[in-house]
Amino acid sequence: MIVDSASLSEAIDARTVVTGLKADTKEEVFAELAQRLHDAGYIDSVDEFLKAIHEREAQGATGIGEHVAIPHGRSDTVKRNGVAIAILDHEIEWESLDDTGAKVVVLFAVGADDEGSKRHLQLLSEFARKLAKADVVRDLLQATSKDQVVAALTK
Amino acid sequence: MKIVGVTACTIGIAHTYLAQQKLEDAAKAAGDDIKIETQGTIGIENALTAEDIKQADVVILAIDIKIADEERFKGKKVVKVSTETAIKSPNKLIAKLHEISGK
Numbered sequence: 144m145i146v147d148s149a150s151l152s153e154a155i156d157a158r159t160v161v162t163g164l165k166a167d168t169k170e171e172v173f174a175e176l177a178q179r180l181h182d183a184g185y186i187d188s189v190d191e192f193l194k195a196i197h198e199r200e201a202q203g204a205t206g207i208g209e210h211v212a213i214p215h216g217r218s219d220t221v222k223r224n225g226v227a228i229a230i231l232d233h234e235i236e237w238e239s240l241d242d243t244g245a246k247v248v249v250l251f252a253v254g255a256d257d258e259g260s261k262r263h264l265q266l267l268s269e270f271a272r273k274l275a276k277a278d279v280v281r282d283l284l285q286a287t288s289k290d291q292v293v294a295a296l297t298k
Numbered sequence: 009m010k011i012v013g014v015t016a017c018t019i020g021i022a023h024t025y026l027a028q029q030k031l032e033d034a035a036k037a038a039g040d041d042i043k044i045e046t047q048g049t050i051g052i053e054n055a056l057t058a059e060d061i062k063q064a065d066v067v068i069l070a071i072d073i074k075i076a077d078e079e080r081f082k083g084k085k086v087v088k089v090s091t092e093t094a095i096k097s098p099n100k101l102i103a104k105l106h107e108i109s110g111k
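Keeping their order, the protein sequence lines are chains A and B.
When we follow our numbering, the leftmost residue of the first sequence carries the number 144, and every step to the right adds one.
When we follow our numbering, the leftmost residue of the second sequence carries the number 9, and every step to the right adds one.
Keep in mind that a hint or two might mislead.
To be verified - Below, simulated DSSO-like cross-link-like pairs (lysine-lysine); rule was C-alpha separation at most 30 Å, straight line:
hint, chain 1, residue 1, chain 2, residue 2
1, B, 62, B, 88
2, A, 276, B, 88
3, A, 298, B, 100
4, B, 43, A, 261
5, B, 85, B, 96
6, A, 276, B, 85
7, B, 104, A, 261
8, A, 165, B, 82
9, B, 84, A, 165
10, A, 276, B, 10
11, B, 104, B, 84
12, B, 74, A, 298
13, A, 276, B, 43
14, A, 289, B, 96
15, A, 289, B, 10
16, B, 88, A, 261
17, A, 276, B, 111
18, A, 298, B, 36
19, B, 43, B, 100
20, B, 100, A, 276
21, B, 74, A, 194
22, A, 194, B, 96
23, B, 100, A, 261
24, A, 261, B, 84
25, B, 104, B, 88
26, B, 84, B, 111
27, B, 82, B, 62
28, B, 43, A, 298
29, B, 88, B, 111
30, B, 62, B, 100
31, B, 100, B, 36
32, A, 276, B, 104
33, A, 165, A, 261
Unchecked claim - If we take Cβ atoms under 7 Å as the criterion, some of the chain A residues that face chain B in the derived model are:
hint, residue
34, 251
35, 267
36, 272
37, 288
To be verified - Over the 12 Å line for every Cβ pair with chain B, so calculated as not near, a few chain A residues:
hint, residue
38, 152
39, 188
40, 241
Worth flagging that the hints you see were computed from the coordinates, not collected in a lab.
Idealized CB from N, CA, C, for every residue including glycine.
Let the sequences and hints guide you as you build the complete structure.
What follows is the structure, encoded as structure tokens:
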């Protein structure tokens, strides 16, 4: 499926994007993004969602290299599939495929129901493809505003 | 040369598509034709046809789980790796495919 840039920018919710986040650990990043997903109505329970994220973390590295991490949680507590993005003010430790840490964190929240919202899952897959591109990652690493985050992912 | 393949990860949301994009970019940089089918949560996309497989010089399976219809590739030169390997070292992997196909 071809997803155009307009629909990708629709999938990015300004309420769940944060730049310049001051955090020293993965846990602080998870807590911040989970709270934002909760406040924006994507998830019912922050605790349940954090549990789902940790289950995935236990299965292997979610750092995909180049200072980017894509943790994800799949849980019944996810009411609407969504994405939360944090650009950190400094790189933190994160298990990754290339032994870098993480400065860009893109957290996917996905409902446990496979049939859920297929269109949104397709958008998430499009995010993943974007994050495989070196120029997109370079722009994200330098982003200091929500607009710059959206621009990097939709150009 | 012509490469076909399949990517599939355990959760089927992210690594499947990262691996697809990394392999496509690396193959194009090496001057190869490539088509990668994804088997993720949203189902099968960019499905390989019998003709695609017939014409392929080599098959790359970047998979962490059992995939649907692996027997399609019987008789072809098949390289099987994890999605992590495809994401981490796509260029090296494409070089290896050249070595194996002899092209």
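Evaluated hints:
{"no.": "1", "hint": "62/B with 88/B", "in the structure": "18 Å, holds"}
{"no.": "2", "hint": "276/A with 88/B", "in the structure": "23 Å, holds"}
{"no.": "3", "hint": "298/A with 100/B", "in the structure": "28 Å, holds"}
{"no.": "4", "hint": "43/B with 261/A", "in the structure": "23 Å, holds"}
{"no.": "5", "hint": "85/B with 96/B", "in the structure": "22 Å, holds"}
{"no.": "6", "hint": "276/A with 85/B", "in the structure": "28 Å, holds"}
{"no.": "7", "hint": "104/B with 261/A", "in the structure": "35 Å, violated"}
{"no.": "8", "hint": "165/A with 82/B", "in the structure": "52 Å, violated"}
{"no.": "9", "hint": "84/B with 165/A", "in the structure": "51 Å, violated"}
{"no.": "10", "hint": "276/A with 10/B", "in the structure": "22 Å, holds"}
{"no.": "11", "hint": "104/B with 84/B", "in the structure": "15 Å, holds"}
{"no.": "12", "hint": "74/B with 298/A", "in the structure": "35 Å, violated"}
{"no.": "13", "hint": "276/A with 43/B", "in the structure": "17 Å, holds"}
{"no.": "14", "hint": "289/A with 96/B", "in the structure": "28 Å, holds"}
{"no.": "15", "hint": "289/A with 10/B", "in the structure": "41 Å, violated"}
{"no.": "16", "hint": "88/B with 261/A", "in the structure": "28 Å, holds"}
{"no.": "17", "hint": "276/A with 111/B", "in the structure": "27 Å, holds"}
{"no.": "18", "hint": "298/A with 36/B", "in the structure": "21 Å, holds"}
{"no.": "19", "hint": "43/B with 100/B", "in the structure": "18 Å, holds"}
{"no.": "20", "hint": "100/B with 276/A", "in the structure": "17 Å, holds"}
{"no.": "21", "hint": "74/B with 194/A", "in the structure": "26 Å, holds"}
{"no.": "22", "hint": "194/A with 96/B", "in the structure": "27 Å, holds"}
{"no.": "23", "hint": "100/B with 261/A", "in the structure": "34 Å, violated"}
{"no.": "24", "hint": "261/A with 84/B", "in the structure": "33 Å, violated"}
{"no.": "25", "hint": "104/B with 88/B", "in the structure": "11 Å, holds"}
{"no.": "26", "hint": "84/B with 111/B", "in the structure": "14 Å, holds"}
{"no.": "27", "hint": "82/B with 62/B", "in the structure": "11 Å, holds"}
{"no.": "28", "hint": "43/B with 298/A", "in the structure": "24 Å, holds"}
{"no.": "29", "hint": "88/B with 111/B", "in the structure": "18 Å, holds"}
{"no.": "30", "hint": "62/B with 100/B", "in the structure": "25 Å, holds"}
{"no.": "31", "hint": "100/B with 36/B", "in the structure": "13 Å, holds"}
{"no.": "32", "hint": "276/A with 104/B", "in the structure": "22 Å, holds"}
{"no.": "33", "hint": "165/A with 261/A", "in the structure": "34 Å, violated"}
{"no.": "34", "hint": "251", "in the structure": "6 Å, holds"}
{"no.": "35", "hint": "267", "in the structure": "6 Å, holds"}
{"no.": "36", "hint": "272", "in the structure": "4 Å, holds"}
{"no.": "37", "hint": "288", "in the structure": "25 Å, violated"}
{"no.": "38", "hint": "152", "in the structure": "18 Å, holds"}
{"no.": "39", "hint": "188", "in the structure": "20 Å, holds"}
{"no.": "40", "hint": "241", "in the structure": "6 Å, violated"}
Violated hints for the displayed structure, listed by number in ascending order: 7, 8, 9, 12, 15, 23, 24, 33, 37, 40.
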